[in-house]
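Following the hints, put chain B in place on chain A, whose structure we already have.
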Amino acid sequence: MKSPRNNTTIIAAVLAVLIALVTFIGLVTIGLGGERGMGMPADGGYFLQDAATPVMEDLTTVHNMVFYWISGITAFVMALMVFIMIRFREKANPVPSKTTHNTAIEVVWTIAPVLILLFIAVPSMQLLYFQDKLPETEMTVKAVGNTWNWSYTYPDLENIDEIISNPLDEIQAKAQGKPFLLGTDAQLVVPVDTNVKVLVTSINNMHSWTVPSFGIKMDAVPGIINETWFRATREGVFYGQCSEICGIKHYYMPIEVNVVSKAEYARWVANDGAFTTSVAQINTDNTLIGSGQTAAQK
Amino acid sequence: MVALPGENTPVEPAGYADDGKPGFFARWFYSTNHKDIGTLYLIFGIISGLIGGFLSFMMRMELAAPGIDYFASEHQYLVYVSMHGLIMIFFMVMPALIGGFGNWFVPIMVGAPDMAFPRMNNLSFWLLPTALLCLLISFFVPGSASGNGFGGSWVMYPPLSTTGSPGPAFDFIIIGLLAAGFSSIFGAINFITTILNMRAPGMTMHKMPLFAWAVLVTAFLLLLALPVLAAALFMLFTDRIDGGTGFFDPARGGDPQMFQHLFWFFGHPEVYIMILPAFGIVSHIISTFSKKPIFGYLGMAYAMVAIGVVGFVVWAHHMYTVGMDVNLKAYFLAATLVIAVPTGVKIFSWLATMWGGSIRYSIPMQWALAFIFLFVVGGVTGVMLANAGVDAYLHDTYYVVAHFHYVLSMGAVFGIFAGFYYWFGKMFGVQYNKWLAGAHFWLFFIGVNVIFFPQHFLGLNGMPRRYIDYPEEFAIWNQVSSFGAYITLAGVAFFFLMLIEALLISRRRVGDNYWGEGATTLEWTLSSPPPYHQFNVLPRIEDNKDEH
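Chain order of the listed sequences is A and B.
If you count the first sequence from 1, position 93 lands on 93 in my numbering, and the numbers rise without skipping.
If you count the second sequence from 1, position 115 lands on 115 in my numbering, and the numbers rise without skipping.
Bound-form chain A, shown alone:
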């Protein structure tokens, strides 16, 4: 009677360890191995979009750290379950034990999660405070949600008119080489390597101003001005989508931020908020290939 029992235990243990390893490695490589969207979602992508601000870099790090933990926990519980299901199936273990208590193990499985949560909470808090604390900002833009478009103003710059950013329909988007449902007819233009304060509010329904690559999502609430910040570390066009239900065109009020070099931004401001034709042309070409490359690099 002893040997079949032992065999079952060994088979179950080996299977459990295998399943745990495969699950963990599978989850982690699949989860972290995906193509990252550059300023917009990747085609068929399954990972966070590529970071373009220090906040998003931190956010990605914390996400990955939590992801290792939760993949490990899932793999562990799955393996344990598989082990138990094989080892203690009716055939292998016809006489059930009557154990209903084991104080030591109960303490362990209460304390261990607490420790893991502490490991998670510390970097998570750091990220939270880093995200929230406005560093010395060098410029301010105001994003106002409307049904259904975004408008941008530059409170510090008198010569820049309000930019009304409407979505492009499918034909226009194709013509301009922008992704449909992400591209707009007027971008928010900001310089690279600059601390930008963003004020977000709404004039009617709630909206949410979102740029995934920046790690920003800030609700636009009527009567309240929320503030957040970003510092784009590379040039390019970055897209986002309204992320708080705001009515029928909720899916159709994208956000488009064009991060340009400081020199180009200065020219844009000097030009009363217009790129010279050639620059605009280059920018369009740039979006055709995909964001992330600068006009200057080309």
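Honestly, I wouldn't trust all of these hints.
What the hints assert, rightly or not - If you only want the chain B side, here are some residues facing chain A, beta carbon under 8 Å, derived:
1. Glu62
2. Phe71
3. Glu74
4. Arg119
5. Lys291
6. Tyr297
7. Leu333
8. Ala335
9. Ile359
10. Val376
11. Ala392
12. Phe457
13. Pro471
Claimed, not checked - Below, computed lysine-lysine pairings styled on DSSO-like, alpha-carbon distance capped at 27 Å:
14. A:Lys174 - A:Lys249
15. B:Lys207 - A:Lys98
16. A:Lys197 - A:Lys262
17. A:Lys142 - A:Lys249
18. A:Lys197 - A:Lys142
19. B:Lys207 - A:Lys91
Calculated directly from the structure, the hints in this document are not laboratory data.
From the three backbone atoms N, C-alpha and C, an ideal C-beta is built for every residue, glycine too.
Chain B only, in chain A's frame:
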């Protein structure tokens, strides 16, 4: 948990055999019998589940490919999104778990002849069809300028639900939800009174079956959370009147964020209201089919109490992006992570119950094991979302949709099906066909995973919720997800085949305790189905040193 010693077997009084069942109309419409009301709740839950499932199936059809293909308007899509959430929560999960299994088995498990307030029980049930009718009417009356029905999602945030939806559609929803809320409050009062006052002699709180514990905690959550929802809804109602109040209107000194706080003060306990009874059911099933008493019974009971208490102080983790003070966010981050501890205790206690057991993989056990697996997956993504910093990326994306469907559409719903198959013979006196039930389980299990696992990818890639159309970069995983909906639909078809086969065609009778030695709660001492009125002589629960 408790076996009845022979000498205390109740002596049935004369005239007991005919049960004294009233005629059809009086029995099902004036019903005050907890088992009949439980059956009514279950039927109601199945009907609502069909309606809510139809809405979600249409949504998945629409989202299978980019472009707007099936819906007449964007507004109609949002109406479907909103109604899917409301109907599944208030009219499917809650009635099935609390009204259905709660009514059926809480009185029996604590050794009571019926609920404490049978007539209020009847009122609780009949408020629900009325409420559902209000919600269904709202489909067909003007919501906003864009069309009929309310398209502001189940969260009903103003101003979209006030100035954004001026038509009567949303008023019908408010009235419907108020009725459903009163129904739940009456039910909660009934359960609390029954459990606290009507336990059989010897049935102390610490001997009470875990399902009764789960329903007790749930009832307290309902009692404390639903009045807040009722107040918030009523404030919306008066805000919507021309020249009415301005609680949530910034132009009149109100604050739209205030509604979100009120809503989630209800909304977060609500998610535990939906999952705690499932915890209770799963505990019984794991114990029954491992032929072992539950491991760490007291820890299990008080973990549920802890989840209930902590569940009330974490609500603003649904609102990390509204522009809260950072210290407040830090508090909600920490408090939310704490919930993982009692939840972990439950998961590990279930596994420890199975450890050393003699496990039989019956249909209910399959659902219960799947529940544990799916709840772990949904739970760990909850830990991810608790991190306020990371939530700035994931909030209102499909990652959140995947997370809460793993714990609800797969947690609570798997709990419901587990309980349904576990007690099927007890409730209806006949047994299901295990091949049909097995096909239901496997198609459903594979189907929901195919639907919801890829939604994590969509969320990580940045796809926001409540979108009728999306950039083509999201197309692949949406297509996979929709394919899962077809698999799930096939599973649902087998559920109905199983019902027809078992109830109408073969009618295989079952004995009192058809699960054998592992099933020890009081319902297994009664016939299947139990007599119309049970425990005319109260059972006496003996001290048993082997317990716990």
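Right, here's what the structure says about each hint:
no.	hint	result
1	Glu62	violated (11 Å)
2	Phe71	violated (11 Å)
3	Glu74	holds (4 Å)
4	Arg119	violated (40 Å)
5	Lys291	holds (4 Å)
6	Tyr297	holds (7 Å)
7	Leu333	holds (6 Å)
8	Ala335	violated (11 Å)
9	Ile359	holds (5 Å)
10	Val376	holds (5 Å)
11	Ala392	holds (5 Å)
12	Phe457	holds (3 Å)
13	Pro471	holds (5 Å)
14	A:Lys174 - A:Lys249	holds (20 Å)
15	B:Lys207 - A:Lys98	holds (17 Å)
16	A:Lys197 - A:Lys262	holds (16 Å)
17	A:Lys142 - A:Lys249	holds (22 Å)
18	A:Lys197 - A:Lys142	holds (8 Å)
19	B:Lys207 - A:Lys91	violated (31 Å)
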